[in-house]
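Asks: Generate the whole structure from the sequences, applying the supplied hints.
This note's numbering puts the first residue of the sequence shown at 48, with every later residue one more than the last.
Hint data in this document are derived by calculation from the structure and do not stem from the laboratory. No false leads were mixed into what you were given.
Subject to a maximum C-alpha distance of 20 Å in a straight line, what follows is the list of computed SDA-like cross-link-like pairs (lysine to any residue):
{"id": "1", "residue 1": "Lys246", "residue 2": "Gly227"}
{"id": "2", "residue 1": "Lys246", "residue 2": "Glu230"}
{"id": "3", "residue 1": "Lys246", "residue 2": "Thr221"}
{"id": "4", "residue 1": "Lys288", "residue 2": "Leu261"}
{"id": "5", "residue 1": "Lys52", "residue 2": "Ser128"}
{"id": "6", "residue 1": "Lys246", "residue 2": "Tyr208"}
{"id": "7", "residue 1": "Lys235", "residue 2": "Leu222"}
Ranges of calculated distance between the beta carbons of each label pair, as one might list FRET restraints:
{"id": "8", "residue 1": "Leu280", "residue 2": "Glu191", "range": "25 to 35 Å"}
{"id": "9", "residue 1": "Val219", "residue 2": "Gly141", "range": "35 to 45 Å"}
{"id": "10", "residue 1": "Gly227", "residue 2": "Ser128", "range": "35 to 45 Å"}
{"id": "11", "residue 1": "Glu63", "residue 2": "Asp173", "range": "32 to 42 Å"}
{"id": "12", "residue 1": "Glu224", "residue 2": "Asp124", "range": "42 to 52 Å"}
{"id": "13", "residue 1": "Ala255", "residue 2": "Leu113", "range": "30 to 40 Å"}
{"id": "14", "residue 1": "Glu80", "residue 2": "Ser109", "range": "18 to 28 Å"}
{"id": "15", "residue 1": "Lys239", "residue 2": "Trp290", "range": "22 to 32 Å"}
{"id": "16", "residue 1": "Lys172", "residue 2": "Glu224", "range": "49 to 59 Å"}
{"id": "17", "residue 1": "Ser270", "residue 2": "His88", "range": "51 to 61 Å"}
All residues carry an ideal CB built from backbone N, CA and C; glycine is no exception.
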Amino acid sequence: MMECKSFIGAHDEHWEDDGLRSHQELEITLIMEGSGRFCAHGREARVESGNVVLIPSEVPHSFHALSPIRFGVLLADRIPSDVKDLFDRLIQDGGTRIIALSRLDRDRYERLFREWLRIRSAPLKDPIRNYAVWVELLLLFLNEHAHSDHQALSISFIGDYIRQHIRDPIHVSTLAEMAGLSEDGFRKQFAKIYGMTPKQYQQQCRLAEAKWLLSSSDKDLQSLAESVGFSQLHSFSLWFKNWRAAPHRSGETGSAYIITNAFTIAYRGCRRVLRKFGSVFGNDFLFRIQ
Numbered sequence: 048m049m050e051c052k053s054f055i056g057a058h059d060e061h062w063e064d065d066g067l068r069s070h071q072e073l074e075i076t077l078i079m080e081g082s083g084r085f086c087a088h089g090r091e092a093r094v095e096s097g098n099v100v101l102i103p104s105e106v107p108h109s110f111h112a113l114s115p116i117r118f119g120v121l122l123a124d125r126i127p128s129d130v131k132d133l134f135d136r137l138i139q140d141g142g143t144r145i146i147a148l149s150r151l152d153r154d155r156y157e158r159l160f161r162e163w164l165r166i167r168s169a170p171l172k173d174p175i176r177n178y179a180v181w182v183e184l185l186l187l188f189l190n191e192h193a194h195s196d197h198q199a200l201s202i203s204f205i206g207d208y209i210r211q212h213i214r215d216p217i218h219v220s221t222l223a224e225m226a227g228l229s230e231d232g233f234r235k236q237f238a239k240i241y242g243m244t245p246k247q248y249q250q251q252c253r254l255a256e257a258k259w260l261l262s263s264s265d266k267d268l269q270s271l272a273e274s275v276g277f278s279q280l281h282s283f284s285l286w287f288k289n290w291r292a293a294p295h296r297s298g299e300t301g302s303a304y305i306i307t308n309a310f311t312i313a314y315r316g317c318r319r320v321l322r323k324f325g326s327v328f329g330n331d332f333l334f335r336i337q
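Replies: Listed below in C-alpha cells is the structure:
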C-alpha cells in the first residue's frame, strides 16, 4: 500500500544532517528559501531557492545549511508504476539529481505543494488514491517545467519575463541583452527550450491567459482584451479567432469560444439575480435556459 510523508522544515544556518542517511521512500525536496549543500555519491553540490533535489530509494545523502533554509519535503513509497515512471524520467542513471525551477514556476509549485499538505492533513474517503494523484500532479509539473543546466534556466527567466508582460510589445534585442547572449544565440537557445520564437511564445501565453479569463472571470470582453494587450475588442476577437483556428490547433474557433463563454458569464449573473427572488418563475426560467 502506498505511503506518503510530507512537511515543510525550516532550519538556521548552523543546521546539518548528522552524517549520511537513507530511507526506503523516494524523496522530492524543494528548496523554498535559503541555500545549502547537498551530498550524495561522494560528491557535494550547492542548492538554493528554486532547486528541487530528487533522491531515489536507499541512496545515502545529507543536507547542510549555508544560510537560514526552508525545505518542502515529500517522501513516497510503493507508488504506482506509472507515477514512478515520472520520477525515473527526472533522475539520471538511478542516482540523485538537482533540477531548477524559474521563480514563477517555483512559486506555482510551492502553491501546489501547500495545497497538497492541506489535502493530506484532511480526513479522506480514499486517501491512497488521493496520494497517488497528488504525487503524480507534482511530478508532472516538474517534468513540464524543470531545467537542468544554467543556460536553460537563464532562458526560463526570460520566459517568466514574457509571461509577466503579455500586454507589452517585446523586442528580441532587449531579451537577448537580459540573457547575456547575442540576438542569434538567444533565438537559438529560446527555440531549443520552448520550441518556438519569443513572439510565438508571447502569443501562446496571451491565448492561455485569454482562455483562462474567459472561463473563470466575470470581466467584460473589453476589459479582458485589455488584460492581454489589446485596446480594441475587434482586434482581440480577430486575433483570438486566428490563433484558435490555426492549422496546428483543434477545437472551436475564437468567435464560438467567446460566445460560449460570454453566455456562461451572462447565465451566471442571471442566475444570481433570479435566485434572489426564490420564485417559481425564476426557477422555471433558469431551467429553460440551461
